[in-house]
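All chains should be built: construct the whole structure from the sequences, respecting the hints.
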Amino acid sequence: MINIYEVAETNEMIEKENLDVRTITLGISLLDCIDADLKLLNEKIYHKVYEAAKNLVATGDYISAEYGIPVVNKRISVTPVALIGGAACRTPEDFVSIAQTLDKAAHEVGVNFIGGYSALVSKGMTAADEMLIRSIPQALAATERVCSSVNVGSTRTGINMDAVRLMGEVILQTAQATKDADSLGCAKLVVFCNAPDDNPFMAGAFHGVTEADKIINVGVSGPGVVKTALEKVRGENFEILCETIKKTAFKVTRVGQLVAKEASRRLGVPFGIVDLSLAPTPAVGDSVAEILCEIGLEHAGAPGTTAALALLNDNVKKGGVMASSYVGGLSGAFIPVSEDQGMIDAVTAGALTLEKLEAMTCVCSVGLDMIAIPGDTRATTISGIIADEMAIGMVNQKTTAVRLIPVIGKGVGETVEFGGLLGHAPIMPVNRFGCDAFISRGGRIPAPIHSFKN
Amino acid sequence: MKKTIITVVGRDTVGIIAKVCTYLADNQINILDISQTIVQGYFNMMMVVDTNQTGKDFGVMAKELEQLGEGIGVIIKCQKEEIFDQMHRI
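Protein chains in written order, with the working numbering: chain X, 1 to 454; chain E, 1 to 90.
Please note that the accuracy of each hint is not assured.
[To be verified] With a cut-off of at most 27 Å between alpha-carbon atoms, the simulated BS3-like pairs for lysine-lysine come out as follows:
1. E/Lys80 to X/Lys247
2. E/Lys80 to X/Lys54
3. E/Lys2 to E/Lys56
4. E/Lys56 to X/Lys54
5. X/Lys232 to X/Lys246
6. X/Lys247 to E/Lys3
[What the hints assert, rightly or not] Label pairs and their in silico Cβ distance ranges:
7. E/His88 to X/Asp213: 29 to 39 Å
8. X/Gly296 to E/Cys21: 41 to 51 Å
9. X/Asn55 to E/Ile75: 23 to 33 Å
10. E/Asp33 to X/Arg265: 24 to 34 Å
11. E/Lys63 to X/Asp32: 40 to 50 Å
12. X/Lys232 to E/Ile75: 17 to 27 Å
13. X/Leu311 to E/Ala18: 22 to 32 Å
14. X/Glu12 to E/Asp33: 16 to 26 Å
15. X/Arg265 to E/Asp26: 27 to 37 Å
[What the hints assert, rightly or not] Coverage of chain E stretches by chain X, computed from C-beta distances (three or more under 8 Å per stretch; other residues unrestricted):
16. 11–18
17. 34–44
18. 65–79
FYI, nobody ran anything at the bench for these hints, they're computed from the structure.
Please read these numbers as outputs of a predicted model, since none were measured by experiment.
Glycine residues also receive a C-beta, built at the ideal position from the N, C-alpha and C atoms.
Right, dumping it as structure tokens:
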């Protein structure tokens, strides 16, 4: 039987170390909503989302109360809208109407984000894909809870450089369209390489076409728990360090597995995956950067950071994989800047640069995430940063992503406040040398040689 | 059997166990195991209880126990056993 020390350990993790279930994300396929009539399409989407998700928030809250573990976010992901709206949408404004429908449904069922205003264009863009991408600035300005993502590359297909060029412009336009809110729209827009179909985390969640009609995916979180566990092994060697991370990740993931199964049972929706990611929040003690410091760095960004992050990421996976019957999504350590107090401190101290962050993305999940850059950054420069990050993903057969926020009207040295889980960020300098000729070439970068495995 | 873990943490005072046990008895909740320690003057108790016989909704029971705790200056938490089992047993 469970003993008092085990109970105390679990509750300590929850109460003092910010252990929580970061999100229960309900994936909903909209493929059966497709219609050539825009009005009918919007009605079908609203009803499908509403009916599928009307009990989601209450279920999450109930599970939270029964097990005494916070379930912080309840969210929805839908089939990439470019696939759904293709038959009905003639203009970018038509696509915006779908975003508004999703936003309305999200408000109605009480979820804080709905992801899937997305296009998958890793090899080429259909007319609908391009129209959706061009509508993103307007869609994100006109809605509150809709999240957008665009997959522009993969190991199997290479990188669609036309889409990369377009996304540089779209990110700037989104910043401009939401400049009154410190360009907040860009915090809800992710550019991916190798985007997973079952990612529960925003802003990049969408319900892939390989998925069932509905599915429950769960994201756990526990940077604080890992950090506290590592405090007890200060000065020990790497074997003990790695074992400690593994054991902790196992415990954290088991909670995610339990909550996912329970949510699945209560909602009558199949369980998809648990995402093992260590997702930080701006709260003190809930930081991936603080783990890196506990491993032995003065600040995130110091020499050794990439190695420390690599071992952290690997051992989180090793511990987590055994704890859950299905793992998926992004599964690794997130290194957003604005959402992690330790990262913010590192940037402010001058320890962490954009280039070091790029290096770190080679060994962890996701990529350049929630990084505020000067509002006068050129579109081609943003495209260049995206291309670099996509290349890392393509060559290393992993997911990479870019979520940059060019803050209109602000420059290096200033800070930007997004609020809530999105946090705040110092604006980071960007390399000022141009890449216009590179970006304007057009076409696509072929898939790397090691992708030919057939 | 549906087992629930009740934890009580707070400054030690007379009658904590009595009050909690009275509530459980009144609501047909059977106690299967109790362990208790006092660390630096802080009372720390864990009860494993069987909630099969009670007609009370879990949420209501948790709320009432929390309020009972507030009355005597301790924190009382109610959690289904599975969260601990999952975390600490392979």
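Checklist entry - Between lysine 232 of chain X and lysine 246 of chain X, does the CA-CA distance stay at or below 27 Å? => result Holds, at about 14 Å.
Item to check | Range hint 41 to 51 Å (beta carbons of glycine 296 of chain X and cysteine 21 of chain E) holds or violated | outcome: 49 Å, holds
Next on the checklist: Looking only at beta-carbon atoms, does the pair lysine 63 of chain E, aspartate 32 of chain X fall within the given range of 40 to 50 Å?
Outcome noted: This hint holds: roughly 41 Å between Cβ atoms.
Checklist entry - Checking C-beta pairs, does the region 65–79 of chain E have three or more residues closer than 8 Å to chain X? => result Since three or more residues must qualify, the claim that chain X covers the region 65–79 of chain E holds, with 3 doing so at under 8 Å.
Checklist entry - Under a C-beta cut-off of less than 8 Å, do 3 or more residues of the region 34–44 of chain E approach chain X closely enough to confirm the stated coverage? => result holds (count 4)
Next on the checklist: For lysine 247 of chain X and lysine 3 of chain E, compute the direct alpha-carbon distance and say whether it is at most 27 Å.
Outcome noted: Holds - the C-alpha atoms of lysine 3 of chain E and lysine 247 of chain X are around 26 Å apart, at most 27 Å.
Next on the checklist: Does the beta carbon distance between leucine 311 of chain X and alanine 18 of chain E stay inside 22 to 32 Å, or does it fall outside?
Outcome noted: 51 Å, violated
Checklist entry - Using the C-beta atoms of lysine 232 of chain X and isoleucine 75 of chain E, is the stated range 17 to 27 Å upheld? => result With a Cβ separation near 25 Å, lysine 232 of chain X and isoleucine 75 of chain E satisfy 17 to 27 Å, so the hint holds.
Checklist entry - Falls inside 23 to 33 Å, the C-beta gap from asparagine 55 of chain X to isoleucine 75 of chain E? => result At roughly 30 Å between Cβ atoms, isoleucine 75 of chain E and asparagine 55 of chain X fall inside 23 to 33 Å, so the hint holds.
Checklist entry - Are lysine 56 of chain E and lysine 54 of chain X close enough, with their CA atoms no more than 27 Å apart? => result OK: lysine 56 of chain E and lysine 54 of chain X at ~25 Å, within 27 Å.
Item to check | lysine 2 of chain E paired with lysine 56 of chain E [C-alpha distance capped at 27 Å] | outcome: 13 Å, holds
Checklist entry - Is 29 to 39 Å a correct range for the gap between the Cβ atoms of histidine 88 of chain E and aspartate 213 of chain X? => result 36 Å, holds
In summary, the structure is inconsistent with hints 13 and 16 from the numbered list given earlier, while agreeing with the others.
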